[in-house]
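Enquirer: Use these hints to put chain B onto chain A, whose structure you have.
These protein sequence lines map, in sequence, to chains A and B. Heads up: the first sequence runs through residues 1 to 231, numbered per the numbering used here. Heads up: the second sequence runs through residues 1 to 142, numbered per the numbering used here.
Take the hints with a grain of salt, since some may be wrong.
[Stated by the list, open to error] Computed from the model, here is a short list of chain A residues facing chain B with C-beta under 8 Å:
(1) VAL114
(2) THR119
(3) LYS122
(4) VAL133
(5) ALA200
(6) GLY204
(7) ARG207
(8) LEU208
[What the hints assert, rightly or not] Result set (SDA-like, lysine to any residue): computed pairs, CA atoms no more than 25 Å apart in a straight line:
(9) A/LYS206 to B/SER68
(10) A/LYS64 to B/ALA91
(11) A/LYS64 to B/SER22
(12) A/LYS206 to B/ARG89
(13) A/LYS69 to A/SER17
(14) A/LYS126 to B/VAL97
(15) A/LYS64 to B/THR25
(16) A/LYS69 to A/TYR15
(17) A/LYS64 to B/ASP33
(18) A/LYS126 to B/ARG89
(19) A/LYS64 to A/LEU9
(20) A/LYS69 to A/ARG109
(21) A/LYS167 to B/ALA91
(22) A/LYS126 to B/ASP59
(23) A/LYS126 to B/VAL58
(24) A/LYS126 to A/ASN2
(25) A/LYS64 to B/PRO90
(26) A/LYS126 to B/MET94
(27) A/LYS64 to B/GLN24
(28) A/LYS206 to A/ARG109
(29) B/LYS18 to B/ASP113
(30) A/LYS64 to B/SER56
(31) A/LYS206 to B/ARG67
(32) A/LYS69 to A/GLY129
(33) A/LYS167 to B/GLU98
(34) A/LYS64 to B/GLY57
(35) A/LYS206 to B/GLU98
(36) A/LYS206 to B/PRO90
(37) A/LYS126 to B/THR25
[To be verified] Derived contacts from chain B toward chain A, CB cut-off under 10 Å, selection only:
(38) LEU27
(39) ASP29
(40) ASP59
Bear in mind the hints are in silico, worked out from the structure with no lab data behind them. A virtual CB, placed ideally from N, CA and C, is assigned to each residue, including glycine.
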Amino acid sequence: MNEIAGEILAILRRYLSEPTSRSLLTSAARRANVRLEALARSEIPQLVQQLGPGLNIFLQEPEKLQNCKSLLALVAVENANAPSVHHYGEPPQQQQAESRPDGISVPIRAEHDVVRARTLGKDMAKQLGFSEVVQTKVATAVSELARNIFQYAGTGEIRIRRIEGKKRGIEVVARDQGPGISDPALILSGAYRSKWGMGAGLRGTKRLVDEFELDTHPGLGTTVRIRKYAE
Amino acid sequence: MVMMMETQRIPIVRLSGKLIVSIQTALSDTVVDRLQQDVAAACERGDARGLVVDLSGVDILDSYITRSIRDLAVMARLMGVETVVCGLRPAVAMTLVEMGMELPGVRTALNLDRALALLDTLQPEGLPNDLAGEGDEWEGEA
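Bound-form chain A, shown alone (with noise of 0.2 Å):
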């Protein structure tokens, strides 16, 4: 097994034992066509597309099932363009923060979305590496957002996604359309004395993340994007 079929196996580990993931991943290789000790980051979405089905049978939680399989689908997604054969002596390609224009969207509808959104949050920030109190720290946050958007705005979207470059991180941008904020400033300052509401949430928010923007029109929604870089 290479180095890439060890990534997709480390996502299976998050969810599964040990003996399942690689039963998994060697019969998924085996109907996708591949070989694990050869396996290109071009084949990664084939790969990914035959494990469905086992995930199905082996992951009995639907949020677990969920996540695992967004993670993948990532994965997937993100290596579908990839050149086959790495060329040596390359120039480093030029890096972008905006260069994952996909990541990972969650629907927020009902109070178990919240769940399923820092579940996920926590899942991509072990994937990238960054330490335990940085994934509970990005998991706290991305909860704290998709508790606003539903006790407030009803429903919403969360959307996930790593950033790259010269700093690693990982973006989470929650969105909705509900009646907005009407003084943000007043609510981020701390002056308005609500020890648990949404003032906290948001201001503790802001506290456990690196960077934060709130953009917020009464009546339209609002929009709040988090960067947190990997420590």
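Expert: Same frame as chain A, now just chain B:
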């Protein structure tokens, strides 16, 4: 599927006069609200002297859940059941501090073992003394 997740319940274990709640699952708001009700009902039965909430299986505590845990502890204390929260993971504790959320008015312990030991030290001067005092007064009145 969603219905299944939402009816999930966290078991409350009774052990020699103590209630032990060990949370080993991702906490949704509904699960926490249900737990509050269940703990209140368990306290009301009257045979519990202490409550331990073990959070060692919880990897994320956001502001709402933290508040719910605090409310649960305060509520139990108001009903005469001393509460100790234990097993907070280091990453979770660091995150709470960074967010500016502590657990005011809640006793905490490193792990379940120490939480139970702490409850034992609380009991002699806690509930029994109060009850003894009450008994004396009643005798005096009679």
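Enquirer: Run through the hints listed earlier and report the numbers of any the structure violates, in increasing order.
Expert: Of the numbered hints given earlier, the structure breaks none, since each of them holds.
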